[in-house]
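Undergrad: Going line by line, the protein sequences match chains Z and P. Under my numbering, the first residue of the first sequence carries the number 566, and numbering increases by one thereafter. Under my numbering, the first residue of the second sequence carries the number -5, and numbering increases by one thereafter.
Be careful, since some hints might not be right.
What the hints assert, rightly or not - Negatives, chain P to chain Z, calculated, CB over 12 Å:
no.	residue
1	ASP233
2	GLU295
3	VAL299
4	SER302
Said to hold, decoys possible - Mimicking DSS-like on lysine-lysine, the simulated pairs with C-alpha atoms at most 27 Å apart in a straight line are:
no.	chain 1	residue 1	chain 2	residue 2
5	P	LYS301	P	LYS25
6	P	LYS80	P	LYS60
7	Z	LYS946	P	LYS214
8	P	LYS214	P	LYS298
9	P	LYS101	P	LYS56
10	P	LYS277	P	LYS214
11	Z	LYS684	Z	LYS635
12	Z	LYS635	P	LYS167
13	Z	LYS635	P	LYS143
14	P	LYS167	Z	LYS891
15	Z	LYS747	Z	LYS768
16	P	LYS56	P	LYS143
17	P	LYS80	P	LYS56
18	P	LYS214	Z	LYS891
19	P	LYS101	P	LYS80
No lab work stands behind these hints, which were simulated from the structure alone. Backbone N, C-alpha and C fix where the C-beta goes; we use that ideal spot for every residue, glycine too.
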Amino acid sequence: MSLFSRTAAAVLITMIGAAPIQAESLDVRIGYLQWVPDQGPVLSNVIPEPDDAGQRGAELAIADNSTTGKFLGQTYSLESNVADSEEDAVAAFETMRKNGTELFVVNAPTQTLQTMMGKAGDNTLVFNAGAKDDVLRTGQCHPNLLHTMPSYAMLTDALGQWLNQRRWDEVFLITGPTEADKGWANAFRRTAKRFGLKIVEDKPWTFDADLRRTASKELPLFTQASDYDAVVVADVRGDFGEYVPFNTWLPRPVVGTQGMSPVTWHRVVESWGATQLQNRFRDLAGRDMNSEDYAAWAAIRSIGTAVTALSNANPGEIRNFLFSNKFQLAAFKGRKLTFRDWNGQLRQPIPLIHPRGLVARAPFEGFLHPMTEMDTLGFDKPESECRING
Amino acid sequence: MKSLFKHTALAAMIGLSTPALASLAYVSNEKDDTLSVIDTNSMEVIETINVGARPRGILLSKDHTKLYICASDDDTVQVLDLATRKIIDTLPSGEDPEQFSLHPNNKHLYIANEDDAIVTVVDVDTKDVLAQIDVGIEPEGMAVSPDGKWAVNTSETTSMLHWINTNTFEIEKNIVVGQRPRHVEFSKDSKIAWASAEIGGTVHIIDVDNLEQIHEMSFKVPGVNQDRVQPVGIELTSDGKYAFVALGPSNHVAVVDAQTYEVLDYLLVGSRVWQLDLDKDEKHLYTTNGVSGDVSVIDVEDLKVIKSIKVGRYPWGVVIDPSS
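Bound-form chain Z, shown alone:
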């Protein structure tokens, strides 16, 4: 008997000696759900969007978390489901939940996300890495729903600050026909009020001609106005917007969803160590990292940062940690990123890019805020009805 306990003690000592690193093992399971509705035919179909946008970002973050985890005895696994319909996406969410997954990253439209949150229990923590609709941040918040994807308002505020500081404050707005286009344009109209911009023309895009042949004829006429400093395009899926630059009536820059755009992430971002993230992603996916990839990556890295600090993967504890002042995400944007405690939105700088270069990075100096300059982008606490932390 005494011999046995001595042997056991010896084994224990050996184990400790061999593993100076924390020995307890922990497996963190994360579900990734993607449902991206077909965008319909577009005029500008030259450069298609990758089908796995978001998913590959999640995969990279799992690899990043695992490298850290191996020094702490923590492993991470990803269960991905790319659905063909809202029903399939929600069904996959239900199945994963039944099988014990509690942490999710979702790249799906607002409606789908809301359906999922309706079914999610208290022990489910969901990161929205796809839907940009402002309503998810202003009124229809959910205590267990966090957003790593910026809202339309954050993107358009970044653009509005830039237009303001360039003193290009009279703009011509063109809005496409889709709900997303209208969401983007509504966000921009709010931005215009906040940053003192004047929308001199506000025109919906109604043409259905093929602009690859006729852009140079149609657009100059469409953009006729006495004067404006810039043309702002709201064409989220990239239908006609690519044909607006250089075809405007007046020789003016084009900004918005085309031309110079506010984005979550883009291949031209390279400062603050971003080159390393871009390289890692390219090695993994064989393409450039985009905004959806970044949002999914940031979500899973947030989970990883919490698990490293907590040494457990309890969704409630992770949630509390993410809203505490101990959490900060190093995410290659030059600032520590944190979550807004009223609506769960990840605060983040917004790069303004053109397809081959970085133009600027919002927020800009001079736009002041009592707490953090990053809260000059998007819906600030007094502007939002959400109080998900009471």
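Got chain Z sorted already, so can you dock chain P onto it with the hints?
TA: Chain P alone, transformed into the frame defined by chain Z:
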């Protein structure tokens, strides 16, 4: 008469051009693929040398005859002969070398391979790769203790200090620090290690005997948003009096009492200050300012910035040759 005059002039000319009079600082320009050579007496750039792609970390051999250069995008470490200012050799480095540190034995070079999550140890004489050690994501800072016992690597995305035993090339301890640790600097007696965390905004003081953190510093630069206070490079005076901490986009260098860890002052330098080095007699501190493309010179006695010197685009590392 005439010939005598000629001789004197010649002698004077030779005297003027003797390189021994000048003390030299070398600065790597990340986006120009060059090194700027600064005469520290005149505080002017006297030569610009073309080197490999994206030069970042630079260091001197222990005998001060060679400069090692991490040419990150060429995936190599270049060897610059300081007498001729020519690249005379390259070393296998693993992919994307960023920072490195030379063991006091003047042979073992520890290289952080940022893209590969590996530290590569190379024998600089035989060019053999002695070991490749798995570390966290984006290994960045690299330091070998002056007594040669420890090599420490910081991994930026993993936010750890990895303590590598230089005899076994194995990790013996991992210490979690603030987000995005960038740089480690040892005290001359190897007893204390200083580690900066860029996004965390902290400097962690580690007791090397026990491998435990004994203090954590943070910084508050008056009038600068806290998010922009991002500690990177650290330099210690050998008398144990000061630590200088480069605070990145806050554009300031913190002067710290190295005994009490109290911040004594913040000095305004160029934009996004990265790395630091003291000159031979520790009278001047040179800082690389990435965004403004210049080097600031700080008078250590007065704690004042006395000069800024324009160099290439995105100056990254700075090394002053104490024997030049």
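Undergrad: It remains to establish, for every hint, whether it holds in the given structure.
TA: How the hints compare with the structure:
The Cβ of ASP233 of chain P sits about 34 Å from the closest Cβ of chain Z, beyond the 12 Å cut-off, so the non-interface label holds. With a least CB separation of 34 Å from chain Z, GLU295 of chain P remains clear of the 12 Å interface cut-off, as annotated. In this structure VAL299 of chain P is separated from chain Z by more than 12 Å, as the shortest Cβ-Cβ distance comes to about 22 Å. For SER302 of chain P, the shortest C-beta to C-beta distance to chain Z comes to about 21 Å, beyond the 12 Å cut-off, and the non-interface label holds.
Simply put, LYS301 of chain P and LYS25 of chain P have alpha-carbon atoms about 23 Å apart, close enough for the 27 Å limit, and the pair holds. Straight-line distance between C-alpha atoms of LYS80 of chain P and LYS60 of chain P comes to about 10 Å, which keeps the hinted pair within the 27 Å bound. Of the pairs offered as hints, the one joining LYS946 of chain Z and LYS214 of chain P holds, with about 26 Å between alpha carbons and a cut-off of 27 Å not exceeded. Restraint check for LYS214 of chain P and LYS298 of chain P: satisfied, since their Cα atoms lie roughly 19 Å apart, inside the 27 Å limit.
With a C-alpha separation of about 9 Å, the suggested pairing of LYS101 of chain P with LYS56 of chain P holds against the 27 Å cut-off. Restraint check for LYS277 of chain P and LYS214 of chain P: the C-alpha separation of about 26 Å stays at or below 27 Å, so the hint holds. Only pairs whose Cα atoms come within 27 Å are accepted, and LYS684 of chain Z paired with LYS635 of chain Z is rejected, the gap being roughly 34 Å. For the hint linking LYS635 of chain Z to LYS167 of chain P, the alpha-carbon distance of about 13 Å falls within 27 Å, and the restraint holds.
Using a Cα cut-off of 27 Å, the hinted pair LYS635 of chain Z and LYS143 of chain P holds, with the two alpha carbons roughly 24 Å apart. For the suggested pair LYS167 of chain P and LYS891 of chain Z, the alpha carbons sit about 23 Å apart, so the restraint of at most 27 Å is met. For the suggested pair LYS747 of chain Z and LYS768 of chain Z, the alpha carbons sit about 12 Å apart, so the restraint of at most 27 Å is met. Distance check on the hinted pair: LYS56 of chain P and LYS143 of chain P sit about 17 Å apart at the alpha-carbon level, within 27 Å; holds.
Distance check on the hinted pair: LYS80 of chain P and LYS56 of chain P sit about 18 Å apart at the alpha-carbon level, within 27 Å; holds. For the given pair, LYS214 of chain P sits about 18 Å from LYS891 of chain Z by alpha-carbon distance, which is consistent with the 27 Å threshold. Restraint check for LYS101 of chain P and LYS80 of chain P: satisfied, since their Cα atoms lie roughly 21 Å apart, inside the 27 Å limit.
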